[in-house]
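Asker: Heads up: the sequence lines are chains A and B, in that order. My numbering numbers the first residue of the first sequence as 1 and each following residue consecutively. My numbering numbers the first residue of the second sequence as 1 and each following residue consecutively.
Just so you know, these hints were derived from the structure itself, not from any lab. Fair warning: there could be bad hints in the mix.
[As the list claims (entries may be wrong)] Examples of chain B residues lying across from chain A (beta carbon under 10 Å, computed):
(1) Ala45
(2) Ile121
(3) Leu125
(4) Gln130
(5) Phe154
(6) Ala274
Ideal placement from N, C-alpha and C gives every residue a C-beta, glycine not left out.
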Amino acid sequence: MSIALASGRLVRRRYRLRRVLTEAGSMTLGVVLLIWSLLPVYNMLLIALDPEEGEIEFDGNLWPPEPSLESFRSVVTQEARYLEDFWHQFGNSLFIGLLTMVLTLLIGSLASFAVSRMRLSKGSLLTNAALFTYAIPASFLIVPYYRIMHTYGLANNLWAVIAAQVAFATPFAILILQLYASLIPFELDDAARVDGASAIQLYLRIYLPLMTPALAVVAVYALLLAWNDYLYQAVLLSARNMTVSVTQAQLFVDVDAPWNAMMAAAILYVLPPIALLFALRRYVIAALPVGDVKG
Amino acid sequence: MSSMQQVPAARPRASVKGPRRPSGHRHLRGSDFRWAIACAAPYAAVFFALVIYPVGYALWMASKPSLYADLIKDPLYLPTVVNTLLFVGLGVNVKMFLALLLSGFFMRRRWWIRALLAVYILPWLIAAAQACISFHWMLIGEQGLVDGLLSALFGIDGPIWFNNRWLAVGSNIIAYVWKWTPFWTVIFLAGRMTIPRDIYDAAEVDGATGIRRFVHVTLPLLANLYLLCTLLSTLWTVGDFTTVYLVSGGGPANSTEVLATLGFHYAFDVAKPALGVAAVISTLPVLIPVVILLMRRLQTSEVQL
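Start from the sequences, fold in the hints, and give me the full structure.
Answerer: Written as structure tokens, this is what we have:
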């Protein structure tokens, strides 16, 4: 009897010890992840808050001795060197990002609707063809794109970049939408058919509303693809009509470029995607079926 | 509304694909057929104008065999191939494996882990160019943050990262892993969340916890997704230009170039566009099988997902 009791206590103690260890382990991992994720961001902030422009020097201070928002002010008022057109460039980035997002959503959802819901015969041909896009990575096509955009009359035109981004974002969009669409029961379509709904009504009334979570994921993905792009914007646009993403790198040729203003601009540039993700968080979380795990 | 509520109902549907679904291959009525074609047309147009045409153009530009002889002769080409293999091979696999493991960590239901997830996906939201420039400055040498911290905290003199080929390649890989692990973690997180809880409960009854649960339950269920994502990510990473171009800049002395940056270098720095295209076309014998594998996997995976 007493042996059983003692061993029970032992098991319980071992169990508790294991729980404490797991907890300590996940705390440690959490701290490591926090440092890992934030170190480059912190580096950006450190440079941005340094009132001195010019070369980057880390002198052992974990925080600039005289942190100042001067660099942010000079960016916002377009006084910083190289950033005279900051808001114009920001507008360009926003235009490219938003249109890439909208067009990818529209073209991708229509294609996925035709293949998965209208059951277009040989539809899988279209989705496979879409995946073929990735056989040649985007950056490998920059030279042909450069030439082709000249023949299309889109040299130095924001639409050239948008076209390229849409071409590379849509295959992934179709992939995600296809996988998600296969989860929507066909009975819904059939019932709507019986009630006399046309194809376009099916798309607007059933497909789009039920696909909202997947569409939200695609929207974030497409915007970030355009937002992250460097190569296409650098090559297809002229220096006078640049985007924020590219301006930064042009400074490597200048020995004392205003890096603090650059990093301030970089920090401002992060805000729109965060705002989008925040606005769509409800849907994105629904697409990651988090609701199911609440338990 | 929860998407998952539909899943149990939809799962059998999704699992009966192709000819076995009786209504799947009925013929579309006239107007429906026209609508379906109209819906697919925009993408078909994008595909022909912006994929087929440029790819065809690229193949035509790189069709002269002498270009490939020039490539092999260029002393930069073979080291670049080695760098590309290292960058893609290590970068993709380390990233994917970390993402798989970390997605399990983020499944834990703690408020602070949820909050951490928000910080953790920040690298994905920061534009690649800016993040890479930040990495460049962090690793620039003794004035960089990393070496500065190393000497302040541990008294170590950090290396000059971009003066050594292997350290510079490593720096590129680290920046790449930093930037892209969060995205795939989110994808795996979504994958893990589709695993019904009862499977875990049943496994727990059978005594499978911790590592055994990971190996015998999670891994088999996520294997297909993992493979799909790895293939897709391989394709994308071979084309990653920004990381190498902005972190190490291909230096020292072009010794860390990858094919994407070398192609750019040929095309825009030394004005040999055909050679640049040839450099990247030379990867096709490796990439086309990867795409075919991906397409095959995708067709079978629709049954399992």
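Asker: Are the hints correct? Go through all of them and say.
Answerer: Hint check:
Of the supplied interface hints, the one on B/Ala45 holds, with its beta-carbon coming within about 9 Å of a beta-carbon of chain A, less than 10 Å. Given the 10 Å rule on beta carbons, the hint for B/Ile121 holds: about 8 Å separates it from the nearest Cβ of chain A. Interface restraint check for B/Leu125: the shortest CB-CB distance to chain A comes to about 5 Å, inside 10 Å, so the restraint holds. Satisfaction of the interface hint for B/Gln130 is found here, the shortest Cβ-Cβ separation to chain A being roughly 4 Å, below the 10 Å cut-off.
For B/Phe154, the shortest C-beta to C-beta distance to chain A is roughly 13 Å, which exceeds 10 Å, and the interface hint is violated. Here the hint on B/Ala274 is kept, as its CB sits about 8 Å from the closest CB of chain A, short of 10 Å.
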